[in-house]
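There are 2 protein chains.
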Amino acid sequence: MARTSGSHSQITGPRLRAAALRLFARHGYAAVSMRQIAAEVGVQAGALYNYIPDKQGLLADLMRSHLEELLAAWDLEPKGTGPLDALEAFTRFHIRFHLERPDAVFIAYMELRNLDPRNFAEIEALRKRYETGLEDILRAGRAAGVFDLPDTKLATLAVIAMLTGVTTWYRPGGRLSAERVAALYWEMVRKAVGA
Amino acid sequence: MARTSGSHSQITGPRLRAAALRLFARHGYAAVSMRQIAAEVGVQAGALYNYIPDKQGLLADLMRSHLEELLAAWDLEPKGTGPLDALEAFTRFHIRFHLERPDAVFIAYMELRNLDPRNFAEIEALRKRYETGLEDILRAGRAAGVFDLPDTKLATLAVIAMLTGVTTWYRPGGRLSAERVAALYWEMVRKAVGA
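Keeping their order, the protein sequence lines are chains Y and F.
When you number the first sequence by full-length UniProt numbering, it's gap-free, plus one each residue, and the end is 195.
When you number the second sequence by full-length UniProt numbering, it's gap-free, plus one each residue, and the end is 195.
Worth flagging that the hints you see were computed from the coordinates, not collected in a lab.
Among the hints, erroneous ones may be present.
[Stated by the list, open to error] In silico contact screen, one side only, chain F against chain Y (beta carbon under 8 Å); selected entries:
(1) L23
(2) G28
(3) T132
(4) R142
(5) D151
(6) L154
(7) L157
Predicted, not measured: the structure shown is a model, and the values here were computed from it.
From the three backbone atoms N, C-alpha and C, an ideal C-beta is built for every residue, glycine too.
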C-alpha cells in the first residue's frame, strides 16, 4: 500500500517544507524536532530524509527560498520612470510581499542566529542583494537631486525596517486596508528621503 | 557549606534572570529548560524555584522588567520644549536605550508568541503605553501645525519600527558612532513627520 510514485513525493516535499515553516514560526527552530515535522504531515520519521535535508539544511532552504522568491518578484515588479517611481514601487511591493508571508518573514529575521556560519553567509548575501536594490534607487535619486539624503546606507536600513514592521501589527479586516496602509507608508517614506 | 544568606539569595535571583535572558535570546524560550538556566549559574535545579517563578512566569518577568524600565527611563528623559524637541528626545532615547539591551529587545519582540494570554495582555498593555507616549507627541505636533501627518497611529508604529531596527545591524566600532546614527535617524524621522 506504500505510495512511492513521483507525484506523491513531489507533493510531500513542499508539504513538509510548509509544515516546517509553520512549526518554526510558532515554536522556534530549536524547539522543533524533525519527528514533529514528519508527524505534522503524516510521514514516517525514517522516510523524512527522502524528502528534505537535515534540520539545519531545512532552515537554510526555507530562508533561501524566501529570499530568492523576494528577489525574483522584485525583479519582475514594474518600477515606473525614475527614482521616485521606483521608490514608490519598492514601498508598495515590500509591504505587499511581506504581508502575504508572515511566517517566512518571522523566520527570516528571527532564526538567523540558528544558521551555521556557511549558511549564514549565503543568506546574508541574498538579503544584502535585496538591500542593494533599494540603495541603488536611493543613490540614483540623490545623484539626480530628487532625494535629500545624507546617508543612503542608513536610509536603506531605516526604510526596510519601517516597512517590514507592518507585518508585526497588520491584520486583515482591521481599521485600514493593506492598500491604504501602503499609501500612508509611501507618504512617510517619500518625506523621509526628502522628496 | 551551603550559603543561604540573604545577600547570596539577593544576588542569585538577578544572576538567574540574566542567564535566562541570555539563553532565551540565543536559543529561544521554547528550547531552554529551567535546568539549563540553573546550570548556567551553578544552582541546583531543585533550589531554582526559591529564586524565580516557573519558566512562563520568568519570561513574563523579563519582558515586564524590560518595559517598566523603558517607561521609567523615558519618563525621566528631558523632553525640551514643544513637540519637535520631544520627538527628537524620543528618537535619541529610543535608539540609545535599545542599543544597550539587545537581548531584552530581541526577546520582547520574538517571544510574545510564547506568553500565555494573561501575560500577553499585560505585556501588550505596557508596550501600548510606551507607544501612546510617542503618539501623544505626534498628535500635539499635528495640532500645533508643526507636523504634517495623515495618521498619527501609523506614524507611531512606523517610527518605532524604524528606530528599533537599528538594534539588528548596529555594532560598536563600526562605520558610524551610536551618536551619529541617532543624528541621522533624527533627520529622517523629522522629515517623515513633515517637520
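**Q.** Which numbered hints fail
**A.** Violated: hints 1, 3 and 4.
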